[in-house]
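**Student:** Listed below are the residues making up each chain.
There are 2 protein chains.
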Amino acid sequence: MWQLLQFPLCPFSRKVRVLLAEKGVGYEPVREHPWERRDEFLDMNPTGQVPVMVDTARKIVLLDSMAICEYLEETVDKAAMLNGTAADRAEIRRLVTWFDVHFYRDITALLLHERMEKRIVHRAAPDAKLLREAMKAAVAHLDYIDYLLDHRTWLAGSTMSLADLAAASQISIADYLGGIDWKSHEQAKRWYVGMKSRPSFRPLLAERMPGINPPTDYETLDI
Amino acid sequence: MWQLLQFPLCPFSRKVRVLLAEKGVGYEPVREHPWERRDEFLDMNPTGQVPVMVDTARKIVLLDSMAICEYLEETVDKAAMLNGTAADRAEIRRLVTWFDVHFYRDITALLLHERMEKRIVHRAAPDAKLLREAMKAAVAHLDYIDYLLDHRTWLAGSTMSLADLAAASQISIADYLGGIDWKSHEQAKRWYVGMKSRPSFRPLLAERMPGINPPTDYETLDI
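Sequences listed follow chains D and Z, in order. According to the numbering used here, the residues represented by the first sequence are 145 to 367, in order. According to the numbering used here, the residues represented by the second sequence are 145 to 367, in order.
None of these hints come from the bench; they were simulated from the model. Misleading hints may appear alongside valid ones.
For chains that are exact copies, the list does not tell them apart, and a pair is met inside one copy or across any two.
As the list claims (entries may be wrong) - Below are the DMTMM-like pairs computed for lysine to aspartate or glutamate, each with C-alpha atoms no more than 25 angstroms apart in a straight line: (1) 167 x 363; (2) 327 x 290; (3) 273 x 325; (4) 280 x 183; (5) 280 x 180; (6) 280 x 187; (7) 203 x 232.
With the hints as extra help, turn the sequences into a complete structure.
**Tutor:** Right, dumping it as structure tokens:
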């Protein structure tokens with residue numbers, strides 16, 4: 145049985161958890177707060193990041209969310225999320241990196257620091273200027289999603305892929321932290337409501353980080 | 145024929161170029177300076193980053209260095225660099241991310257900004273404090289490489305892999321910019337000299353960025 149070290153507002157853990165659910169792979173979620181920098185955890189993963197996926201019986205430790213997703217793609221046939229030609233797969237991987245690196249850096253990381261870590265670790269108020277910057281960056285990213293959906297049914301092409309899972313994971317955490325305004329983004333909104341309604345995604349939207357509440361429409365499907 | 149948009153001190157382009165050479169895939173290198181932010185280039189790649197690999201005749205545009213490497217692994221059998229079981233491959237991919245993200249952020253990106261961009265774009269002197277920080281981080285990363293080589297012949301296991309290519313690419317750019325001190329890192333040094341001596345690597349070490357000269361032992365094999 146896999147154990148997945150994670151915490152509810154980690155967008156990378158969320159991506160892996162949605163993929164595990166789509167593929168029907170069972171796992172035990174184990175809470176790990178990377179900001180506590182536990183020695184045993186750092187020994188396991190020198191980056192100090194979650195998710196980490198462990199199978200104690202088989203002595204397998206998987207680090208890095210993309211390496212974990214590639215592992216699941218290679219070992220579980222069900223619900224393949226890297227479909228198509230080699231060029232199609234390159235486009236999916238390029239978009240996963242776009243959301244994991246650029247969306248995360250410009251939006252999710254800022255919001256997590258200002259609205260979660262500052263509250264939990266530093267007991268300080270968020271910086272309003274940085275919050276505005278994150279929200280402004282989110283508008284640009286939603287514009288890009290609208291642009292992709294002008295030409296495609298799903299973000300990377302004609303079928304749902306890991307790109308959709310990565311994007312929806314980042315967006316849902318940003319949304320939890322009040323960083324998303326759907327105004328003038330009808331296409332992106334319709335796509336995201338589709339993602340939210342999936343049985344793989346809904347249980348994650350029901351989880352809460354103690355002391356931090358999402359907006360009222362975070363879970364609903366009629367945003 | 146592939147075209148590869150790149151510049152000589154881009155560590156991610158270097159990784160792709162070493163892989164292309166190992167696999168015996170021909171390509172035309174095309175100089176692109178991301179800091180000039182050409183409109184046509186940004187239209188092609190919204191991240192504004194090199195490398196970008198293009199086949200005009202087949203209308204294929206590949207973005208993101210890891211997506212390009214995975215594409216080459218999937219389409220060219222020769223010199224496979226993601227070998228072994230699914231867990232072995234996860235370990236390779238995890239280490240590629242370690243060097244592409246963490247080594248780059250802590251060392252290469254700092255050195256490129258202080259020693260290249262400041263000279264070319266801003267005509268300013270480097271910040272000595274940041275250079276010291278990068279060199280200190282490099283010592284920690286070389287320690288980690290020594291630790292990996294205590295247990296393994298190559299960084300990810302018993303065969304050369306994309307992890308070695310990614311690591312050597314980052315290190316060689318940091319070395320060009322004066323950020324690497326091999327003292328007390330015998331194992332890492334021996335491994336790196338092995339990488340430097342490969343026919344896939346040597347031509348890249350002969351390239352120069354105008355106005356920026358590497359240390360005298362940058363190209364030699366008896367460091």
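**Student:** Can you give me the call for residue 280 and residue 183, within, between, both or neither, at a CA distance of at most 25 angstroms?
**Tutor:** between (37 angstroms within a copy, 22 angstroms between copies)
**Student:** Please sort residue 327 with residue 290 into within, between, both or neither, judging by C-alpha distance up to 25 angstroms.
**Tutor:** within (12 angstroms within a copy, 52 angstroms between copies)
**Student:** Evaluate residue 273 and residue 325 at a C-alpha cut-off of 25 angstroms and name the case that applies: within, between, both or neither.
**Tutor:** So residue 273 and residue 325 pass the 25 angstroms test inside one copy only (17 angstroms; across, 40 angstroms).
**Student:** Is it within, between, both or neither when you check residue 203 against residue 232 at 25 angstroms Cα-Cα?
**Tutor:** between (34 angstroms within a copy, 12 angstroms between copies)
**Student:** Under a CA distance limit of 25 angstroms, which applies to residue 280 and residue 180: within one copy, between copies, both, or neither?
**Tutor:** between (30 angstroms within a copy, 24 angstroms between copies)
**Student:** Between residue 280 and residue 187, at a C-alpha cutoff of 25 angstroms, which is it: within one copy, between copies, both, or neither?
**Tutor:** between (38 angstroms within a copy, 21 angstroms between copies)
**Student:** Could you place residue 167 and residue 363 in one of the four classes (within, between, both, neither) given a Cα distance threshold of 25 angstroms?
**Tutor:** within (23 angstroms within a copy, 49 angstroms between copies)
Hint check: no violations occur; every hint is consistent with the structure.
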